[in-house]
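What follows is each chain in one-letter form.
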Amino acid sequence: MRHGKYPFIIGFLVVPVALYVTFVVAAYLQTFQLSLTSWSGLGKIEYIGFDNFVKLWHDDTFWKSIKHNLFLLILLPIITIAIALVFAFLLNVGGGHKGGQSRGVWGSKVYRIIFFFPQLLALAIVAVIFGRVFGPDKSGMLNGLFPQSWSPWLFLADERYAMACILVVLIWQAVGFYVVLFSAGMGSISDDIYEAAALDGATRFTLFFRITIPLLWSTIQVAWVYLGIAAFDAFALVNIMTVDRGGPNGATSVLSLMIYRNAFDFSQAGYACALGVVLFFLTLTFAALTLRVTRRDSVEA
Amino acid sequence: MARAPRDEGVVTVGRTRIGSILANTIGVLFALLMLFPVYWVINTAFKPADEVLALDPTFWPNHPTLANFTSAFKAPLFLQDMLNGLIVTLLAVAGALVVGFLAALAIARFSFYGRKAIILVVLAVQLVPFLALLIPLFLMLQTVSLTNSLIGVSITYLVLILPYTVWTLRGFISGIPRELDEAALIDGCTRAQVFWRIILPLTGPGLVATSVYGFIQAWNEFIIINTLNSPAKQNLMAWLLQNQTTRGTAWGPLMAGAIITSIPVVIFFLIIQRNIATGLTAGAVKG
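Chains A and B supply the protein sequences, listed in that same order.
Per numbering that gives the first Met the number 0, the very first residue in the first sequence carries number 0; after that it's consecutive.
Per numbering that gives the first Met the number 0, the very first residue in the second sequence carries number 0; after that it's consecutive.
These are computed hints drawn from the structure, not numbers from a lab.
Don't take every hint at face value.
Said to hold, decoys possible - Label-pair restraints from in silico Cβ distances: (1) A:Thr205 - B:Ala116: 16 to 26 angstroms; (2) B:Phe58 - A:Ala287: 47 to 57 angstroms; (3) A:Phe70 - B:Ile41: 28 to 38 angstroms; (4) B:Leu52 - A:Val24: 50 to 60 angstroms; (5) A:Ala287 - B:Ala53: 32 to 42 angstroms; (6) A:Leu69 - B:Val207: 37 to 47 angstroms; (7) B:Leu119 - A:Leu141: 20 to 30 angstroms; (8) A:Pro247 - B:Ala48: 35 to 45 angstroms.
Unchecked claim - Listed next, the in silico SDA-like pairs over lysine to any residue satisfying Cα-Cα at most 20 angstroms (straight line): (9) A:Lys4 - B:Phe109; (10) A:Lys54 - A:Gln32; (11) A:Lys4 - B:Pro36; (12) A:Lys108 - B:Thr24; (13) A:Lys4 - B:Pro128; (14) B:Lys115 - A:Lys54; (15) B:Lys115 - A:Ala17; (16) A:Lys66 - A:Thr284; (17) A:Lys4 - B:Ala183; (18) A:Lys137 - B:Ala249; (19) B:Lys232 - B:Pro128; (20) A:Lys66 - B:Ile197; (21) B:Lys73 - B:Pro230; (22) A:Lys137 - B:Pro36; (23) A:Lys108 - B:Ile20; (24) A:Lys108 - B:Phe29; (25) A:Lys4 - B:Leu101; (26) B:Lys232 - B:Leu82; (27) A:Lys4 - B:Leu199.
Yeah, the Cβ is synthetic: ideal placement off N, Cα and C, and Gly gets one too.
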């Protein structure tokens, strides 16, 4: 049966490989190439060596953006995964253990749907909604809920808290997906393990830290990488929600926003591509590091 | 740690009733937090204009109205952009299913030189920031006159959802025992027949899960379509954003538009919501 396998393989893979060579590989090579030019986006292309990268090094907005991306990179995965793990645990085993089957808390099926809901809304819609939630006057949703005597919070218009608002929205949007993802992982952990541990007198805490987390480790790893990637992006929310797109005063600028604005608003396509190159290496370094650092002997469920 | 309850098959993990109440309370509070903004959208969409802008907003519309929905439907380009979104999404999903299924077959069922490299590329592509590709993408599509065209966007979306499609379908196909293939081959099926008659039908749930996911991705996308196309060739997401900036305070129709825009996705989700965990497991958990 061996002969005749290659026609299939080639036939099956030629289209996807061609698509990726053109749309991803060639496109990235072009980004690298353009990063060495002073191209505005129109007209003549002139090579200027590494000038764009030198300029980047001295660009305050760039360092601010890096700082904001790191802020998201550290906090988004930690908080989201923590919340998602706790809720997935509650949904799956938190309700106790009856008749040899672990149960979730009451109504866990409903929760699962509710938590997944934000995932269904387009980021564009999420951004529009949270623009209302964080409205800086009394017509804003949160300010409307606060007592009348309080002076309204500025939220996105306040340099100190604008980035935190973005973080909150990112978490709100992401957490449901990870609850479902972790639930799926927990569902595949055998009930016998929980039952045995429960019989040995393990508390909910012990079950969570000694059984659930180690057995879910590879899923958590995947989640960490995905959330990290989301933290490197964050373009949609920042672009739509923030004051002056990235403001006030650069307080919410992130790398992806800088790329977009330089390319399509400031006619600095070459510079935007240099930023793209930086983002490319940062993302890949992050992914490789995460997978390496968090590697540990996996426990088979 | 000493007293383990052993009454006849009833083992209470949580031990205390208080623990259970606490767990349930946290659950309810968190669910409210997740739902509140969505609820507010619906609330706003059914309010007449004066109530939307009231300084003391109420938790329900005092005089519920459908006016916001009708004005959204009548708004310029709304129906046009809805149709555009539908065309682009369906083309991309259909394309990704065909291309993705075949690629997943090759990866799951054959061993060949470069297989590992392809798997690695499929995974890596999901990691690289897409935004940095917008400029070359624009240039590339421009040279073949596919900017400001629904076809160009469809192809881009196809590329966008393909990695997930391949990866998930690979998981599903790997789950089908090879013994089935071998039995069919012995019974005189050709390889193509095995793929068509045995693997394809058995991958059914996987195809449903991936197409729904692809649909959500493509339907909700707006950065690419907003950059490549002019308003008459964009989708509803781009329409919403346009209207947010130009109309400023017309929140009622905007929220009504947001609801209409979300309906297809919500319907799809409710259809497959039972299987969503399966789809996720096949794609991500199995690694």
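### Task
Starting from lysine 4 of chain A, check that the Cα of leucine 199 of chain B is at most 20 angstroms away, please.
Answer holds: lysine 4 of chain A to leucine 199 of chain B is near 18 angstroms, not above 20 angstroms.
### Query
Does the Cβ-Cβ separation between proline 247 of chain A and alanine 48 of chain B fall within 35 to 45 angstroms?
About 30 angstroms separates the Cβ atoms of proline 247 of chain A and alanine 48 of chain B, which means 35 to 45 angstroms is violated.
### Task
Below or equal to 20 angstroms on CA atoms is what counts here, so check lysine 4 of chain A against alanine 183 of chain B.
Given pair lysine 4 of chain A, alanine 183 of chain B holds - Cα atoms ~16 angstroms apart, limit 20 angstroms.
### Task
Could you say whether the range 50 to 60 angstroms given as a hint is met by the Cβ separation of leucine 52 of chain B and valine 24 of chain A?
51 angstroms, holds
### Query
CA of lysine 108 of chain A to CA of threonine 24 of chain B, is that 20 angstroms or under?
16 angstroms, holds
### Query
Taking 20 angstroms as the top limit, are the C-alpha atoms of lysine 232 of chain B and leucine 82 of chain B close enough?
9 angstroms, holds
### Task
Could you grab the alpha-carbon distance between lysine 4 of chain A and proline 36 of chain B and see if it respects the 20 angstroms cut-off?
Distance of about 54 angstroms is beyond 20 angstroms: violated.
### Query
Okay, threonine 205 of chain A versus alanine 116 of chain B on CB: inside 16 to 26 angstroms?
Because 43 angstroms falls outside the window, the suggested range is violated.
### Message
Run the distance test for lysine 115 of chain B versus lysine 54 of chain A: straight-line Cα separation, threshold 20 angstroms.
### Response
39 angstroms, violated
#### Entry: Hint consistency between lysine 137 of chain A and proline 36 of chain B [alpha-carbon to alpha-carbon, up to 20 angstroms]
Distance ~16 angstroms between lysine 137 of chain A and proline 36 of chain B Cα, so the pair holds.
### Message
With the threshold set at 20 angstroms, check whether the alpha-carbon distance from lysine 232 of chain B to proline 128 of chain B stays at or below it.
### Response
25 angstroms, violated
### Query
Taking 20 to 30 angstroms as the hint, is the beta-carbon distance of leucine 119 of chain B and leucine 141 of chain A inside that range?
Since the Cβ atoms of leucine 119 of chain B and leucine 141 of chain A sit about 45 angstroms apart, the hinted range of 20 to 30 angstroms is violated.
When held up to the earlier numbered hints, the structure conflicts with 1, 5, 7, 8, 11, 13, 14, 19 and 20 and fits the remainder.
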